[in-house]
Amino acid sequence: MTIDSTALTHAPATLQRARVLRIPRSPKVIAGLVILGVFSVTPYSPNATDTQNWVRHVLVPGTGGDSGFPASYYPLPLGPSAAHWLGTTVFAQDAWSQLLASTQATMFVGLLAAAIATVLSIIFGVTAGYIGGATDEGLSLVANVSLAIPGLPLLIVLADYVPSAGSSLALVAAIIAVTTWAYTARTLRAQTLSLRNRDFVEASRVSGEGSLRIIGVEILPNLIPIVAASFLFTSLTAIYAYVAISFLGLAGSPTGSPPGLWNWGEMLREGFANNAVRGGWWWWWAPPRICVALLGTGLALVNFGIDEFINPRLRTSGLTAKAARKAGAHVSATLGLTPVMRRTATAANTTPSTPDAVLEIRGLSVDYGYGDQAVHAVRDCDLVLRRGRVLGLAGESGSGKTTLALAAIRLLRAPAVITEGQVLFHSKPFTGDNPKETIDMLAAGPHRLREIRWSEIAVVLQSSLNALNPVTTIGAQFDDMLRAHRPHMSRDQRYTRGVELLDMVGMNGDRLRSYPHELSGGMRQRAMIAMALALEPQVMVLDEPTTALDVVTQREILEELMGLRDRLGFAALFITHDLSLLVEFADDIAVMYAGRLMERAPANSLFRAPRLPYTHGLLHCFPPMHGKRVPMAGIPGSPPDLRDLPSGCAFHPRCKWALDQCKHDVPVLRSIPGPNREVACWLHRNGATPPLELSLAEPGDVMRERLSQVDIQ
Amino acid sequence: MRALVRRFGVYLLAAWVAVTVSFLLPRVVPGNPVAGAVARASQSGNCNAQCVRAIELQLGYNVHTSMWDQYTQYIGNLLHGDLGHSWSENAPVGSLILSYLPWTLVLLGISTTLAFLGGSAIGTLIAWRRGSWTDWLIPFATFFQALPFFFLGIVLVLVLGQTGTMLKWFPSLFGYDIYATTPGPNLPYIGSVVSHAILPAATVVLASMAGFILSIRNQVITTMDEDFVLVAQAKGLPGRTVVWYAVRNALLPVVANFTIAISLVVGGQILVEIVFNYPGIGFHLFDALGKLDYPLVQGVFVVITLVVLVANLIADAVYVAIDPRARQAA
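Listed in order, the protein sequences are those of chains A and B. Read in numbering that gives the first Met the number 0, the first sequence has 583 at position 584, and its numbers run on one by one without any break. Read in numbering that gives the first Met the number 0, the second sequence has 39 at position 40, and its numbers run on one by one without any break.
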């Protein structure tokens with residue numbers, strides 16, 4: 000049993016200080032804790048206070064395992080009865096008492112060894128991790144060396160050489176601790192090291208708190224889950240080591256030693272040595288085994304629960320599919336396809352709404368989770384991406400923009416599920432073998448989607464460091480994609496194409512041989528764009544493609560991307576929170592808030608004359624790159640919790656112009672005067688008078704624009 | 000290369016520590032180990048004055064050279080491959096160990112490889128098909144992972160072994176049929192060796208595979224959430240390629256943690272050998288302990304440590320080979 004140390008090293012990224020002490024409450028953990036509790040408490044129950052004497056209690060006075068009488072002297076072991084719950088042994092001892100005494104000693108050694116090892120590893124790990132430098136080097140070396148020496152052989156040899164080990168439980172525990180502490184120490188060191196550089200620890204240090212205080216208050220509490228997991232892990236290792244060496248007769252024999260030394264291993268050994276198995280005296284040899292197995296299961300269950308607690312991804316995995324089935328959704332197990340729940344069989348109307356539509360989203364709703372716990376991340380969204388155009392999708396984080404875009408191409412993973420709507424892809428391939436046709440994305444099977452993906456619809460994600468496979472070269476990643484979609488190309492042709500593509504984004508063809516970590520952030524993103532363009536797709540989904548880059552690189556890459564758009568003619572769905580960026584590059588912009596589309600307009604109109612209070616706020620969050628200065632107002636408050644949306648218009652609590660109606664009724668997109676303008680806002684409906692800021696003139700209308708500027712001034 | 004050299008340095012140091020511990024133990028522990036050893040040796044037969052002297056020399060008792068001189072001589076002997084002389088077998092420890100080692104290495108190599116490959120395959124399958132029937136394997140894996148090796152060994156002997164009481168399908172004592180076959184390149188002997196290896200190997204495979212299954216499963220599930228797997232899916236790559244993307248990356252931390260796994264497996268195998276009286280190095284360690292044959296005990300301990308260190312070095316080299324980032328740093 001090993002602890003998933005990578006999960007542990009990532010742990011406190013998600014652990015806030017308040018969460019640390021929460022015990023995971025899964026049935027597995029509870030079952031495990033109950034088992035552990037029974038083992039720790041039973042030997043000390045009132046009936047068992049006298050165990051040490053009971054062990055000595057024999058049916059024939061003056062005899063016993065240590066009295067030198069051979070086993071044949073005794074009556075055959077008796078089966079379980081009211082007087083002897085687990086029968087008797089060949090030495091006419093009460094097996095139940097023996098089991099209780101054994102459990103007591105075994106648990107004592109295990110827990111004591113784990114405690115010593117844990118204390119040792121905390122001291123070592125925290126000191127090494129916190130002080131760093133030469134101390135760290137030295138201590139890590141000690142830990143690594145003792146980790147490399149195999150523990151059990153060392154334990155066997157140590158236990159054998161130290162003659163008094165057999166008579167002292169504490170000494171056995173200490174020896175076991177010495178052979179098991181290093182692993183935990185190493186894990187704790189790594190954890191402390193990463194905690195040390197966290198902001199809240201830096202803050203304490205800057206504010207002049209002493210090292211000991213920082214360790215005690217800031218670092219140790221964050222280590223608790225790992226320490227707990229390691230403690231359980233070490234106690235199990237220690238118990239098994241103890242049982243194992245006792246079974247081999249290496250931990251000192253109780254025959255001739257104080258009775259406290261009975262343990263499960265010893266019981267097993269005596270049973271085996273005296274033919275308990277062949278004699279069919281199961282009540283003697285079976286109980287210690289069942290104890291070993293039960294205890295192992297108990298600790299494993301707890302450990303499993305802690306793993307899931309530390310790494311929540313492990314937990315969500317199994318549950319969602321079950322919940323989906325319960326909710327009546329058909330979930331295809333094939334990974335990489337967002338499941339679709341069809342409540343109503345819609346007679347699909349597949350005619351494009353405008354002749355130049357390439358990707359059409361109609362009434363799309365996406366949930367995370369199923370049934371009662373479902374979070375509605377996207378609701379009833381309509382979007383039309385037109386051939387060769389750039390459609391910007393804007394909104395704060397958590398507004399559902401990425402969810403909408405990835406769901407439309409079925410890339411969103413479970414627990415996401417598409418609950419309603421229609422997505423049509425009107426394909427007219429530039430190159431390749433795919434025919435001209437309209438594809439219902441939500442009905443398409445895995446095979447069909449695989450054909451379309453990348454060859455017709457490609458994706459560029461925000462962080463290219465994570466988007467490229469870290470263990471293969473850029474060239475290999477071009478190659479497997481070309482091999483999948485252009486099977487007729489030869490190896491040389493694929494290579495040439497790779498060089499050509501890199502050249503297109505201004506990179507040297509030699510870079511095909513590079514691994515992702517050898518490239519800068521900008522280069523990686525260029526390589527990603529080159530890869531996305533390799534099959535000349537009709538649609539590119541750009542999910543914040545430049546957010547992670549510095550401003551200069553960002554601009555360079557965007558300009559290049561738009562140049563390529565002009566040359567290759569793909570349509571782009573451009574997702575960003577930076578409206579000012581969209582204004583420069585997008586033809587049309589859609590603004591999302593809390594999972595709904597709130598405003599749609601040509602880029603220039605939206606920028607110059609926003610109609611939605613939220614859009615107005617977003618525009619005043621970023622300084623414009625050109626033009627006159629405007630005060631940066633921002634938007635008061637923070638994005639709403641999707642699990643607990645405000646009634647009516649989700650934006651009303653943050654809206655300074657909110658009407659009474661906004662609190663009760665959800666506004667939907669409606670056309671308003673202007674070129675292709677739509678807004679979901681009560682301020683523009685039912686004869687309400689929108690405030691001046693939201694009724695600026697359309698940019699095309701020069702006279703009114705001037706007038707309104709005069710108005711403002 | 001630098002990282003590898005560093006690791007090599009750590010292993011050298013570990014080897015030195017192990018050697019020194021085995022030198023110091025009989026010399027620093029309280030009590031008189033010689034008396035016990037002589038008593039035990041006399042019990043089993045003939046410990047004459049020569050034998051007593053040999054024991055004293057080995058344990059550094061009643062020797063009129065300084066501890067340091069004994070130590071340098073001990074190290075010098077080790078470097079020449081001289082591990083001392085076994086009392087119980089009356090043979091050089093080095094050649095004894097050489098004759099035990101193949102049994103252990105073959106059993107260890109085959110069963111660890113099987114456990115790793117099988118565990119990786121099953122773990123990946125469970126992660127990939129999460130939410131399907133394969134999830135039922137998880138509790139079983141958790142249970143087996145928690146069982147100690149020797150314990151599983153006894154259960155297998157009991158249920159399947161010929162010395163057990165139930166099915167008696169497979170031989171469960173010794174490395175081959177010591178009565179009916181003669182060691183050598185003959186068919187009955189080889190067949191006997193294979194059939195005798197089945198239960199011990201099954202024990203090691205079952206006990207260590209469960210650990211691999213769970214850690215690979217956890218890693219694959221974690222890796223599948225990475226963006227590069229999403230991109231692989233977006234690229235329309237065949238399912239098999241996408242799985243490979245995830246598994247290839249999930250293997251990295253598992254290989255990096257091999258140090259722990261190998262120590263556990265070697266420790267476990269020692270116990271398994273003892274349970275099955277399998278004539279490998281672990282069984283003879285146990286045997287030598289019983290006979291208080293300290294030179295053999297020390298020799299076996301040093302060699303086991305070396306085996307583990309070499310295995311670790313191989314794992315490190317494999318890691319550097321499969322992770323380009325480590326290659327750059329190395």
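These are computed hints drawn from the structure, not numbers from a lab. The C-beta atom is built at its ideal place from N, Cα and C for all residues, glycine as well. Treat the hints with care, since some could be wrong.
What the hints assert, rightly or not - Far from chain A, some chain B residues (derived; all Cβ distances over 12 angstroms):
1) Thr71
2) Ile177
3) Val192
To be verified - To give a feel for the contact side, a few chain A residues facing chain B, derived at Cβ under 10 angstroms:
4) Ala227
5) Leu460
6) Leu618
As the list claims (entries may be wrong) - With beta-carbon atoms standing in for the labels, derived distance ranges:
7) A:Val37 x B:Ala120: 35 to 45 angstroms
8) A:Ala133 x B:Arg326: 43 to 53 angstroms
9) A:Gly131 x B:Leu11: 16 to 26 angstroms
10) A:Glu136 x B:Ala120: 52 to 62 angstroms
11) A:Gly137 x B:Pro138: 35 to 45 angstroms
12) B:Arg326 x A:Ile223: 30 to 40 angstroms
13) B:Leu186 x A:Leu192: 50 to 60 angstroms
Evaluation of the provided hints:
1. Thr71: About 22 angstroms separates Thr71 (chain B) from the closest Cβ of chain A, which puts it past 12 angstroms; holds.
2. Ile177: 21 angstroms, holds
3. Val192: Label holds. Min Cβ-Cβ 25 angstroms, cutoff 12 angstroms.
4. Ala227: Hint violated; Ala227 (chain A) Cβ to chain B Cβ min 17 angstroms, cut 10 angstroms.
5. Leu460: Where the cut-off is 10 angstroms and the nearest Cβ of chain B is about 6 angstroms from Leu460 (chain A), the hint holds.
6. Leu618: Check failed: Cβ of Leu618 (chain A) comes no nearer than 30 angstroms to chain B, outside 10 angstroms.
7. A:Val37 x B:Ala120: 35 to 45 angstroms: Given a distance of about 37 angstroms, which is inside 35 to 45 angstroms, the answer is holds.
8. A:Ala133 x B:Arg326: 43 to 53 angstroms: Violated, since Ala133 (chain A) and Arg326 (chain B) (Cβ atoms, about 28 angstroms apart) do not stay within the stated range.
9. A:Gly131 x B:Leu11: 16 to 26 angstroms: Taking Cβ atoms as reference, Gly131 (chain A) and Leu11 (chain B) lie about 25 angstroms apart, which means the hint holds.
10. A:Glu136 x B:Ala120: 52 to 62 angstroms: 39 angstroms, violated
11. A:Gly137 x B:Pro138: 35 to 45 angstroms: Because 43 angstroms falls inside the window, the suggested range holds.
12. B:Arg326 x A:Ile223: 30 to 40 angstroms: The hinted range 30 to 40 angstroms holds for Arg326 (chain B) and Ile223 (chain A), with Cβ atoms some 37 angstroms apart.
13. B:Leu186 x A:Leu192: 50 to 60 angstroms: 58 angstroms, holds
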